[in-house]
Structures are given as structure tokens and as C-alpha cells.
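K.L.:
Take a look at the letters that make up each chain.
Protein chains: 2
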Amino acid sequence: MLTSPPSFSDIKRAHQRISEYIIQTPVMTSKNIDEIAGCELFFKCENFQKVGAFKMRGAANAIFSFTPEERVNGFACHSSGNHGQAVALAAKLAGAKAYVVMPKNASKVKIDAVKGYDAEVIFCEPNDQSRTQACEDVISRTGATLIHPFNDYNIIAGQATAAKELIESVEDLDCIIAPVGGGGLAAGTCLIAHHLDPNMEVYLGEPVAVDDAYQSLKAGKIIPNQSFDTIADGLKTTVGEKTFEILKEHVKEVFTVTEQEIIDAMKLIWERMKIVIEPSCAVPFAAILKNPKVFNGKRVGVILTGGNVDLSKLPF
Amino acid sequence: MLTSPPSFSDIKRAHQRISEYIIQTPVMTSKNIDEIAGCELFFKCENFQKVGAFKMRGAANAIFSFTPEERVNGFACHSSGNHGQAVALAAKLAGAKAYVVMPKNASKVKIDAVKGYDAEVIFCEPNDQSRTQACEDVISRTGATLIHPFNDYNIIAGQATAAKELIESVEDLDCIIAPVGGGGLAAGTCLIAHHLDPNMEVYLGEPVAVDDAYQSLKAGKIIPNQSFDTIADGLKTTVGEKTFEILKEHVKEVFTVTEQEIIDAMKLIWERMKIVIEPSCAVPFAAILKNPKVFNGKRVGVILTGGNVDLSKLPF
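For the record, the sequence lines run as chains A and B. Taking our numbering, the leading residue of the first sequence gets 1, the next gets one more, and so forth. Taking our numbering, the leading residue of the second sequence gets 1, the next gets one more, and so forth.
Simulated from the structure, these hints should not be mistaken for lab results. There's no promise every hint is true.
Note that the list lumps identical chains together, so a pair holds whenever it fits in one copy or between two copies.
When the alpha-carbon atoms are kept at most 25 Å apart in a straight line, the in silico PhoX-like pairs for lysine-lysine are as follows [unchecked claim]:
no., residue 1, residue 2
1, Lys313, Lys108
2, Lys97, Lys218
3, Lys267, Lys313
4, Lys248, Lys104
5, Lys313, Lys97
6, Lys108, Lys248
7, Lys221, Lys298
8, Lys252, Lys115
9, Lys293, Lys97
10, Lys97, Lys236
11, Lys298, Lys104
12, Lys31, Lys97
13, Lys97, Lys221
14, Lys92, Lys293
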């Protein structure tokens, strides 16, 4: 188990460890979108990843870092969606049991998917206290090991592999941008970007409504979200201590975007690129459209984080 | 200009002619979808094609088959959508003017796209008579050459290149299935399939609501559609004389599907494969799900025809 921010070797080992359990997702481009954005965009399509999101990378790395003996009592997690699916599938592939604590109001698509991977779903109220209690209960009942969704160096090393594939497959990227929720993907992206190219600019996109990363980096300390009212349901979480320390050192700037900007950006990608993406992964693209001077003429890597959307509840 | 059904050489020449103007679209697979369908499906993603549909192949082949001198007065077509976009873009790439007759009730996304390729849009009433009249008017006014959407051997040769790429990139396909509207794609798919492998089974999918191909093949003569009430707006057209003659000789079976089966199949592909497809191209997949005994255990090529959907009018 990693006890400090992943080194380049740690991330390479993580990539090898998970390679047979993940999809090396394609990088898509669109001349049409490039014209609109005024820059060259390279979209890493983690919406095509197993379980429909990059979360499979971190969960697989965390779970397969345990020995078979250590996997006997299974794994537990709490998640509003993608991390739960990822732990469920990674545990299943590792021959272990998964217990997933989900808020009662999680989308049906995500609940069904978790159950489809043979995990036991435990419902809680949609608040931190109920979630923590439900998680503690299941761990004391089963002896399962907790897989934290982001504040864990093994998770961070796994999530870093998405940007690793992107940077290694596209020549001469000037910068890379990812969304930030709890910060697992963001921290992994920062680390691997600077391991591979110390001069690469790393940006983050965040909804104004849950701008804890923006506020925390400005204040130099973690400022938790007070509201959670965003369509980008993967980004409601406040950054963790481990992820925040990494972001502090590596992120050039966090751009915030409004709900309408997220919806417009999401619709544009659906319409022009013909792919299904979650609101959360429209956030970096919305940030690019909002800040043309920053990105103008550059070669920009964009992590599209996932594609798990409830089609009966689309915002357009 | 071709005056008989395209030979293998004709289709190879068409493919060379259009190669720099089209995208060699990816073939996607999904273990999840395969499990549901009980067979191995290889989806040719023409939703990622230029203009968002396979129609670019036929239009580019037809237009670039003319000499630069023959292109001077431009090209005209009538189309509820994708063919219009394709003629508009292909003409633009050939340095020629395009005139596109569209029904007043065509989707806004498609009208905007045609205009975006610098074509002149002429609106007509949504019926055959008005459409034909508007087309004749524009041709007599401008001297433009008509590009028929399907009943044209150059169009058929162009559309055949989608199945050509699919069959050449996937080993040992047992069968291939495409949707049928006017029959340009269907005829091209038949021809190239049997040029490459005389034993390959070619199936078609068609909405029950517009089952002219099914009825016509049963009767041995063209039976025009009487109603046009289907969500699969690319398939409302009755097969043409040239396409029907080819289908008669090559198609093993036409499967019809209901509107609800189309919507369910479309939703399943959006949800599981994270790609945006039109209702028309959910029709073959719906046919596969409806006829498990025919496809069970086989390696099946499926042409996904396009991804131009009005996101504000989704059926789910």
C-alpha cells in the first residue's frame, strides 16, 4: 500500500497491474469542436471505460494491490455511483465480495449497475453522517476493507493512468485539464503530467456551485463545500487532505463554470461528437469555452471522465 | 457514371475516390451488449462519419464522379436530413454549389447543419409532390445536377464502402445487417458482402410502420409505404427500382420491428455503449434482439448509420 504521493514508478506499476482489467480507451478529436473552441482538443474517452467511468482504474489498482489472502473479507465503499460500480466490478474480478453504501436518491441506472456486478448494496440517507455510519456498520459486520473513493494514494495512482495513456498517445500537448471533485483523478493527472513533462500546464474545471477546490487553493487550506446543488453529480465531494496537498503543488489554475455552462457544453459534445458523457465531464470543456485566451491555439488534453447518465432525466 | 449495379471494382474505385473526404470510422464492440444479444456484434460506427451519417460516402462518390467542368452549375437534392447534409458538404469540398430541398418540418439540427455547409436550403411541404416540384424548380433555375438519395448506382457504390471497411476489418463475420429505407445502403451492403464472401448472410431491419421492403420482397414487386409514422425518420422512403432489384437478389430476410422495440434498442445502445445513435440505426439491433434464434452465437456485423438526433426531442 502506498503511503506517499505516487512516484512515476508507482504509477507505471499501477498501470501494469490493472492493464488486463481496464480498457485502453480511445482519444477522440473533432474538427468541428476545435473550431468552436479555438484550440486543438484531445478527449480521453473514459466514458468508454469499464463501468462507464475512469473510477475503474483506481478501484482496480487499490483492490489488486491487496494479496489474495487480504481480499478474503471483501471490500466496502460508499459512493453515489461510479466508484461503487468500480469497486463492485474490481472486487468481482478479484474474486472478492463488495459492499457498496449508496444514498437512497442515487440514480437507478447506477444502483442497477452495482447490483449487476453482484455487489451488496446498502442504502443510506443522502448525508455524510448516515453514509459514514452505514459504512462503519458493514465493515464491523463483515471485516471488509474500506476503499476510499479518492483520499488514497493507490486510488490516485490508478486514476493517474488515464492521463498517462493520453499524454503518451498524443504528441506535444501544451496542457491538460480534468474535473475536480474529491480530487483523486485531479491529483493523479497532476502527478503523471509533471512526471512525464515538468512544463505541462495542469488545469482543473469545477462547478461554481461546489467550488471547494477553487476556494481551498485560494485559501491554502481545505474549505468544504457548503452547498451541493449541481448537475455534475460526480463533483459534489470536497477535496481530501492527500489530494489537496498534491493539487496545491501542481495545479496552475482552477476554472469554475455555471450550471448552464455545464449543460451547454455537455449538449455540444453529444451533438457534435455523438458520444454520451456525464455532466461532470462537460465541466473541463465548459471551462475551455469560457476561457478562450488561456487555451487559444494550444494542444489541450481533456479527460472525459464518464458516461453514466440517467437518460430519462436529461437536462435538455 | 455507373449504369448498372456496381461491380467489386466499381466499389473499390469508389472507396479510393472518397477516401480523403470520409472518416474510416471505428468498429465498436461491447461485451455487455453481446451478453444481452447472445451473439458477437461488431458495430460500424457511421454516427462518427462526417455529417454524422454514412450518407457522406454516397454523396461524395456521386459528386466526385463528375469532372470539375460538370460541377459548375452545382448539385441539387431533396432530403429530410442526412443526405442533404452530405450533398452540401461533398459539394463544398468539390468547390461546387449545393441546393437542398427540405420539408418544413425537418429537425432544426439538420437544417442548421445543411446551412452550416454553405448550401442553399429550399423549404417544401412534407409530401412527395411539393418536394418534387421544389426540386424541379431549383434545377430549372440553376442548371444544377440532381443527386438522388438512393436510386443511383454511384450512390449505392459509395454506401457500399461502409460494409466494405467493416467486413475487411473483422475476421470471419457470419452475417451482416443494415436498416433499409430507400435501399441505397442496403443495396450497397448486399453487393459488397457477396463480392467479398458469397456465403455471407445479409439481413435488413425495417420498422413495421414503413415495411415497404418487407412487403415488396414478399410480393416480388415494389409496394409503396402507405403510412410514414415512425420515429426512424431515415427509413420512411420506399425502395427504388434500382435498389429493389439488388435487394431481391441478395437479401436473405427482412425483419420488422415495432416503434417501442426501436426505442428500447436505441436506449440500450446509448446506455451501454455511450454513443449517440439515431433511431434508424437502432432498427437492425432491435431486429437482432427480436430474433435470437437467427443470430445466436454468430459473428454479426451491424451498420450504425448515423447520430443526428434532436436532443430536445428524445423518446425517453
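K.L.:
Could you tell me which of the hints above the structure violates, numbers in ascending order?
P.N.:
Result: hints 2, 4, 5, 6, 7, 8, 9, 10, 11, 13, 14 break, sorted rising.
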